[in-house]
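A.B. asks: Sequence:
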Amino acid sequence: MLLLGLASSKYDILFIDEAHRLRKRVNLTNYASFDDTARSLGLNPSETNELEWTQMQSAKALYFYDPKQSIKPTDVNPEDFNKIKGSYNSKSIQLFSVSFKRRKRLVFSLSKTCLIKKSTDSTYKYYNKNYDVLLFENFKSFALELKIKK
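Okay, so the sequence shown: first residue is 34 according to my numbering, each after it adds one.
Among the clues, some could well be false.
[Stated by the list, open to error] Derived pair list, reagent style EDC-like, types lysine to aspartate or glutamate, alpha-carbon separation capped at 16 Å:
no., residue 1, residue 2
1, K101, D45
2, K116, D68
3, K101, D113
4, K118, E85
5, K93, D45
6, K43, E85
7, K105, E51
8, K173, D113
9, K173, E51
Since the hints were derived computationally from the structure, they do not count as laboratory data. Source: prediction; values computed, not measured.
Please construct the entire structure, taking both the sequences and the accompanying hints into account.
C.D. replies: Have a look at this one:
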């Protein structure tokens with residue numbers, strides 16, 4: 034998951050890889066953590082999911098979603114993604130056969146396109162005092178970073 038946002042509680046852009054793994058409150062091993070997070074966002078735990086959380090906490094979100102990989106009862110319903118895809122301000126692009134390594138490069142490339150002006154200097158690194166740019170390999174690391182920011 035790549036997180037791009039103002040150094041505050043809401044984010045300008047969220048890139049969510051493996052979005053089909055976003056969860057709802059069904060057959061979770063840790064209901065308390067899910068419930069606490071939902072309540073902290075002012076939501077009813079039994080009526081929300083992590084997809085809604087990402088929508089609430091970001092101005093824009095880019096989801097890498099493969100409905101064929103959604104196999105667990107905890108996974109967000111495909112209908113919830115379809116609602117987003119069907120909204121007027123949404124754009125859906127179909128990717129074919131993108132490996133994890135290529136997808137990581139694609140996410141980085143997209144974030145660069147969104148944030149970084151073209152530069153001929155290959156050593157150029159993005160820096161902006163108004164933004165934190167972080168790449169997470171897993172959701173646990175992401176959640177820990179959010180707790181630190183609060």
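A.B. asks: Against which earlier hints does the structure fall short, listed by number upward?
C.D. replies: Hint check: 1, 2, 8 fail, others pass.
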